[in-house]
Structure formats: C-alpha cells, structure tokens
Amino acid sequence: MSGFQHFQQSMSGTLNRGFQGHILYTFLIPEEVKTIRIAFRFNKREWEGNTESLRNRCREALLQNVPQQYVTDDEVTAAMGHVKGEINLSVRYNGREIGGMHRNLLLKEGVIGPDLASVGFLPTRFCGGILQLDLHCLHIVNDKTEYELKVCGADGNGAAL
Amino acid sequence: MSRFIRAELHNHTNESDGSLSVKELIDYAAAQNFEVMALTDHNTVSGHLKAIREASGRNLEIIPGIELTTMFGHLLALNIGRWVDDTMLDPERPELYLRAVRHAGARLIGLAHPFCIGEPIMVGCRNSMHFRYPEELDYIEIYNCGAGDPLSGNMQALEWWEELVLQGYRIAAVSGIDLHTLPRNENVFTTYAETPDSIQVLGDEGKDAESVPRAELVMDAIMKQKTFISKGPRLSAEWKGEWLKVRLDHSSGYLGWSEEKARKSQLLLQVRQDTGREWREKLTNPDLAAVRIGPDVSHLVIRLYQDTYEDSHLLAAGVQCHLDEEAKQ
Numbered sequence: 001m002s003g004f005q006h007f008q009q010s011m012s013g014t015l016n017r018g019f020q021g022h023i024l025y026t027f028l029i030p031e032e033v034k035t036i037r038i039a040f041r042f043n044k045r046e047w048e049g050n051t052e053s054l055r056n057r058c059r060e061a062l063l064q065n066v067p068q069q070y071v072t073d074d075e076v077t078a079a080m081g082h083v084k085g086e087i088n089l090s091v092r093y094n095g096r097e098i099g100g101m102h103r104n105l106l107l108k109e110g111v112i113g114p115d116l117a118s119v120g121f122l123p124t125r126f127c128g129g130i131l132q133l134d135l136h137c138l139h140i141v142n143d144k145t146e147y148e149l150k151v152c153g154a155d156g157n158g159a160a161l
Numbered sequence: 162m163s164r165f166i167r168a169e170l171h172n173h174t175n176e177s178d179g180s181l182s183v184k185e186l187i188d189y190a191a192a193q194n195f196e197v198m199a200l201t202d203h204n205t206v207s208g209h210l211k212a213i214r215e216a217s218g219r220n221l222e223i224i225p226g227i228e229l230t231t232m233f234g235h236l237l238a239l240n241i242g243r244w245v246d247d248t249m250l251d252p253e254r255p256e257l258y259l260r261a262v263r264h265a266g267a268r269l270i271g272l273a274h275p276f277c278i279g280e281p282i283m284v285g286c287r288n289s290m291h292f293r294y295p296e297e298l299d300y301i302e303i304y305n306c307g308a309g310d311p312l313s314g315n316m317q318a319l320e321w322w323e324e325l326v327l328q329g330y331r332i333a334a335v336s337g338i339d340l341h342t343l344p345r346n347e348n349v350f351t352t353y354a355e356t357p358d359s360i361q362v363l364g365d366e367g368k369d370a371e372s373v374p375r376a377e378l379v380m381d382a383i384m385k386q387k388t389f390i391s392k393g394p395r396l397s398a399e400w401k402g403e404w405l406k407v408r409l410d411h412s413s414g415y416l417g418w419s420e421e422k423a424r425k426s427q428l429l430l431q432v433r434q435d436t437g438r439e440w441r442e443k444l445t446n447p448d449l450a451a452v453r454i455g456p457d458v459s460h461l462v463i464r465l466y467q468d469t470y471e472d473s474h475l476l477a478a479g480v481q482c483h484l485d486e487e488a489k490q
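Respectively, the protein sequence lines represent chains A and B.
Under my numbering, the residues of the first sequence are numbered 1 to 161, in order.
Under my numbering, the residues of the second sequence are numbered 162 to 490, in order.
Same shape as in the complex, but just chain B (with noise of 0.2 Å):
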C-alpha cells in the first residue's frame, strides 16, 4: 500500500520578493492542508528558524530551503542553511556549483521553471546553464504556476524532463506553485510523493512510516523518484515483468477531486516508452490499469488526462518506471 503526501515546494515571503508574512504564508499553507511546504525564498535563509516557529503545533511541516537565484536560471536546494555564492557560475560547468551547493549542506537540489521567459522579459529566470551531467540535479520543476502560460514553459518542461528521464536519467518530477502572493488561480498542480509503509533504514529492522518525519519522507521520495504532480488523483505505478500496473487512488479531495469526479470522466492513461512507442488507453476501470510492456523496454512515463489528450486535461504527470535487473526476474 502506497501513502501520498502533498508537498509544496517552491514559496516566498516577504523576505525577498514575496508579499506575504512568514506567518502569513504558513496560515495559507495551513489552510490550504499542505502537509509539508518548503521555504525558498530568493538568496536568502532569513525566514527559516520563523517559518519552523509558526509551524509548529500545525499539521504542516517545513524543508529549510532557498531559490538560488542565479543569473543564468534558478536552482532550488532542499534541506539547506545558507546562501551559496554563485559569483563565479559558469553556465557550461555547472556541475561546479551544484557540488558547492551540495557542500553547503543542501540534500536535494532542483532546477526551477527551466522553460520560463527569459530575456529581455524575465533575466535569469530561464535556465541557461548546460547540465552535461543531468543526474546531478536531483529534480525538475515541471510545472510551475507562478507565471501563468505563455510565460512559463511548463509543456517544454514537462517533454525535456520526460526525454531525460526516457534516456535513463534518475531525476524526480515537481511542481511548484511559486507563491509570492495570495494566489487568485487556485486550480493548479500540486506535489505528491508517493512513500512506502515502512522505511528500511540501514542496521535498523525497518521503521513505520508514520513516525518518520513528513519532510524526510517527501525528500526520500524526491531521491527515489518517487514523486508526481497532479490535480486530484494519485498514481502508483509497478512494473514487474512484462506488465505495468498503474494503481489510481481517487480520495485525495484536491481541488474537489473525488471517486465520482473520476468516475463521471473519462480517464485517459499516455505511457511513453523509451523506444519511441507511445501507448494510449481509455480507461474502463478508473482505479487500475494494467499495460503489456515490450521486452525491449527500460525507461517508461505515465501521463493521466481527463476527457481528452490536450494540455489543458493534463491531471498528472512525472510518473516515471525503470526496468532494473530485480523487476525483470
């Protein structure tokens, strides 16, 4: 049985460009039942030990984190205390900076909204960098909903970070909402990381997940690609032999979605094979979906659409499968 915690990733406060408290982003997030919310505001830590402080006591808890805010895109670190000076990033060796960030202590990093518009409208916001060496990010900000379309990229985000992954890279798929301010479109992706029962700690018997930390277990699931975006329903996926199970659970209640919602749509499963197959299936069961996978297959990833395949049905996405030697016996 799988466990899905909602996770919002990407935030601001007024301690950068943000409007909005410390307190007052923690209330919103309170009540908007984010489960786990990460501080990143642009180049700064300031609001870390405030935003911990507001929310204890509350079912919300915070990932320490920052928007490196460079020049020649945005770098989201994860678990992180301080600022890491990006003076001497040069863009064709980013690598150098990312293991810098990592040295400061980051134990993720993300790279946010690579598609958004960049010059002459939005400086820097586009990614520029040239990651030779992709798995060194730990995640990609699929979608973002800060800029709204056309700005933000987010379809080119979503097929890069697909291609990447299809190439046999590692890296985990986020969305961010990228709060500055209260938001006035509410209908947008959330985060979901997808956990295990219990986690297997080395030396240790095993640990319920449930006295694990929500946070831990969000930047686990974001190390074991085990993350998605979505709006309402949440996907697990298994792939063992020449079969993948796609499990859909509809009782999440985001943006009112439900097991009547779902079943008065019309799901539709995309699954991308690292072949070049696509396989596309209206679904008759809206809880299960079973797919026949050729032998020739190692990477795969699942998009879920609502009454049609166009980019305005996406439900979810950054679902991903890899076929390694256990999954094959």
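Excised from the complex, chain A in its bound form (with noise of 0.2 Å):
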C-alpha cells in the first residue's frame, strides 16, 4: 500500500442469509488524494446450507419455465451449480456515476484516477469531496457471510502500488 499512505479506511460486516438490500458508506476523502483504490471482498459465495432443501427450490424455480411440468434431476443439479452469494459495488464521486465492479469475483479491486481507470470505472480528477461506495447485496446464500471493504487514496497516480 505505499502509494496509498493518504486516506485510508477499512469497514467490515457480517450478513446472514436471505438478506437483501443495499449498503451506502460515504467518505469525504482529503483534497489531496487524486488516486483512489477500493478492494471490497466477501467470503461464504457458495451454498453451506441443506442441499436437499435447495435443490427443491430450483425444482420449483425450474417449473415455472418448464411448459410441460417436468424437469430432470439432471437438469436441477445443473441449475443448482448457478446458486451462489452476489454482492457488487457501485462508485460514486460528488454525486456523480464513476462506475462500478460487477463481477463474479470473491475479491473485487479498482484503482481509479485522473488519467487512469480500472475496468469498471471512468478516469475521475478527484479534488476532495464525497466519495459513495455502494455495496448491493443481491444475494447471500449462508449465514455469517462475511464482507470487507477497503479505500485507500494516494496524492499521485498510486503507481507504487
């Protein structure tokens, strides 16, 4: 992290299954980080629970798409492999859309700054303000799921990282 020594923050959090919903923290990030890294990582993605239990739920989510009322044990195993824990992240600066990582990853990273962005976000010229991390939870499959998200802001272009 020695490109990243001006503002850093870590929050962390535990999520029980069935949980829903969206997670908003705000910063106000120092006038002088120009660069902002955010790695955001959960754990417990796949299914711990009663597989018997999950399995009659895809059959049933199965049936709603199956006109002839009728699938396959095959069929649900394979729609069970889809079951897994989805949080994703949005980014915003000052009120404005810098992008976001929405991907299937345990561990999700971004470096964003004025010339540079990482896949996900635009470049941004950051010069102090409110920085909006939103964590979507679409889906947590276990109880105890836990999350970690760091910020870190660099004066430059956080090249040492």
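Don't take each hint at face value.
Covered stretches of chain A, going by a simulated chain B footprint (3 or more residues, C-beta under 8 Å) [what the hints assert, rightly or not]: (1) 62-68; (2) 90-102; (3) 114-125.
Derived from the structure by calculation, the hints contain no laboratory data.
Idealized CB from N, CA, C, for every residue including glycine.
Assemble the dimeric complex from its two separately framed chains, guided by the hints.
Structure follows, in structure tokens:
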C-alpha cells in the first residue's frame, strides 16, 4: 500500500442468509487524494446449507419455466450450480457515478485516477469531496457471511502500488 | 421499400461481468456483421468511449447503453451516459424509477429477459416489477440467448409481449444475445429494425435514410415498434382496410438464410388478433402473404415458423400491427 498512505479506511460487516438490500458508505476524501484504490471481498459465496432444501427450491423455480411441468434431476443439479452469493458495488464521487464492480469474484479491486481507471470505472479527477460506495447485496446464501471494504487514497497516480 | 438494419442490443464486456475486453467484443461484432451494437454492461458506462473509438472506421455503430441490474429485474437503457441509482426502486411502482432513468438521459428503456429463472438460481434476473403502465417500457426482450432453455423463459416472454400488444400497448420486441463471452451457439435470434427510405424531420422536407446514422435509425424503429426478431427472414407488414400484407425478404444471409432455403422450407405464418382469433396458413408464395382481417380487429401480432408450428421451429416473431384511423380509410 506504499502509494496509498493519504487515506486508508477499512469497513467490515456480517450478513445473514436471505439479506437483500443496499449498504451505503459515504466518505469525505482529503483534497490531496488524486487516486483511489478500492478493494472489496466477501466469503461464503457457495451454498453451505441443506442441499435437499436447495434442490427443492431450484426444482420449483425451474418448473415455472417448463411448460410440460417436468424437470430432470440433471437439470436441477445443473441449476444448483448457478446458486451463489452475489454482492456488487457502485461508486459515486460528488454525486456523479464513476463506475462499479459487477463481476463474479470474491475479491473485487479497482483503481481510479485522473488519467487511468480499472475496468468498470471512468477516469476521475479527484479534488476532495464525497465518495459514496453502494454495496448491492443481491444474494446472501449463508449465515455469517463476512465482507470487508478497503478504500485508500494516494496523492499521485498510485503507481508505487 | 423497407430497409432492414441488424442490431444487437444487449452485450457485456469485462467492464462488468463479461470476459471479453471492449476491443474483443467490437472485433467479434464486426466479424459477425452486427450493423448496430448496444454496449450494455451491468451498472457501468465505463466502456462507452472505448467502444466508440474501437468501432470507428468499421461498419459498426455503437449505441451507448447500460443494463440496470436491480434486485427486481434487469432494465436496458439506451443512449444513456450514466448508471441510475436503484436503491430506492419500489417494485410496485417501477414507473418512478423509469422516469428517473429517462431524466438521466435514456432515450429508450427496455425490459431484459423478463421470465429468466429467478430465486434461488439467478437472483434478480427474473422480473418482479409490477408495471401498471406497461407503455412506459419502449421494448421488451422477448428472446434472450444468454441463459438457454429452460432458464431463459423465452416463450413466456414472447407470449406476454404478444398479450400486451394485443391489449393495444405500443411496445417493440427485440432479442438479446446477452453476450458475456464468445458464444458456443451462434444459432440464435437477431433483431432487425425496419426503417423507411426517408426520415421526416419536423420543419424539414425529409432526409434520405442513408444519411442518418444507423444507430439513430434503430432507436427510431424501436420507438415506432418497427423491430422484430429473426433467424433469417425479414418481415414487413402493412395493414390497409381489410387486408394485411406480409412481405418476406430472404436476402439477409443471417444463419445462412437464403431464397433457396426459403423455397425448400414450408413457411408457416401465424397471425394472432385481439379478438382472440388466430389465423394460420402455409405460405404458397414465400415472398408474400395476404390475410383478410375482420372489421372488429384492432391489433395483431405475427409469427413465422419453418415446417412445423413448434417453438423450436420459430423463425421470426415480434411483428405487430395496429389499426389506426388512417388505415381504416
């Protein structure tokens, strides 16, 4: 984190199965911060509960889309493979959307500066103000799912990282 | 004479959860002869400028878009430059959010894969918004090629869209390849926009359509419900008086479709009417069909099948006609 000492914040939390909603973090960022690095991670993405209950729920969901009202065990098993925890992130700076991290990863990272930005973000000239991060918790599949959000700022382009 | 433009209106890159870079997507789109492509990454517009730069000098025009990925369904917004915060979206009153999306600059709003499988398999993908004013949607993705059956719910989407149109709602139909990676199956529906030879502009005498950007023509066609989905044939319907004429163009070349293929196939036309009647006919002329429409009909939708009326043999759908006062005369 050598290039990002000017602003270092770390937040964490625990979510339980079934939680659906948005968690908003709002920061004041110092004027000297010109580049921001965001790292978000969560755990327990894969289903750890009762497999039979999940199988039943998946079968019910599939039956909504199958006119003949019959699904095979293989189709249910394949559908179960899609079940996963999902938390995505949107970022706004002084009220303007500057991008997000919407991908199927447990660790999502991005760097935003005036001349370059990681995929998902727009290059942004920071000059102090308000940074907002929305965690979009679409699907939490396990109790005690933990997440951690780290936001760091650098006064240059963060190249030392 | 109609002109048709092929448009792919639902595509992702690694700016969100796709695996292709913007350049790789544009390379693929150009190689596959997309004429117009919307870039609709999930909740970000970061790929727009890159896509426009990459497409420059190629036979491909870009519509900057976004897939607004809410917990209650996915909305596609076209010609927009930013994400629109959905944290206050009330699924019982989505019209408030739709207005916010338009306020943010969206020229068109569509509903993506409305019957895609939902909880617990693909949470948020299936629409659970209650559209009390369906006309606030400009288009519905009646065929999504991303998830495959039975996850996609495409026939339900097609039937729902047809029901809305037969109730008189003016909503366009499109397909969505929903590209996240290079597709394994390219035998999928594409969208065609039917555009006129000239575009009338208020206060102007009319512009040759060739001089108008194709992306604009596609968006104009969506607004006028002049789009349809197809695996090759291109349809143009005209309803005047008691006659509906459907012209079929077999020159697209899409998925190898050709005049010869059309003549070797048994083309089957299906016309559903708002009276509840359904008209089905084997076409003896693969280029033209004429259907007599009763005086009590106001809205109709058209499908085209190949050889049998089975879902898997659907060739084209999404064509709609409305009897307005002018047509009655």
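Here is what the structure says about each hint:
no.	hint	result
1	62-68	holds (count 5)
2	90-102	holds (count 7)
3	114-125	holds (count 5)
Hint compliance for this structure: every hint is met.
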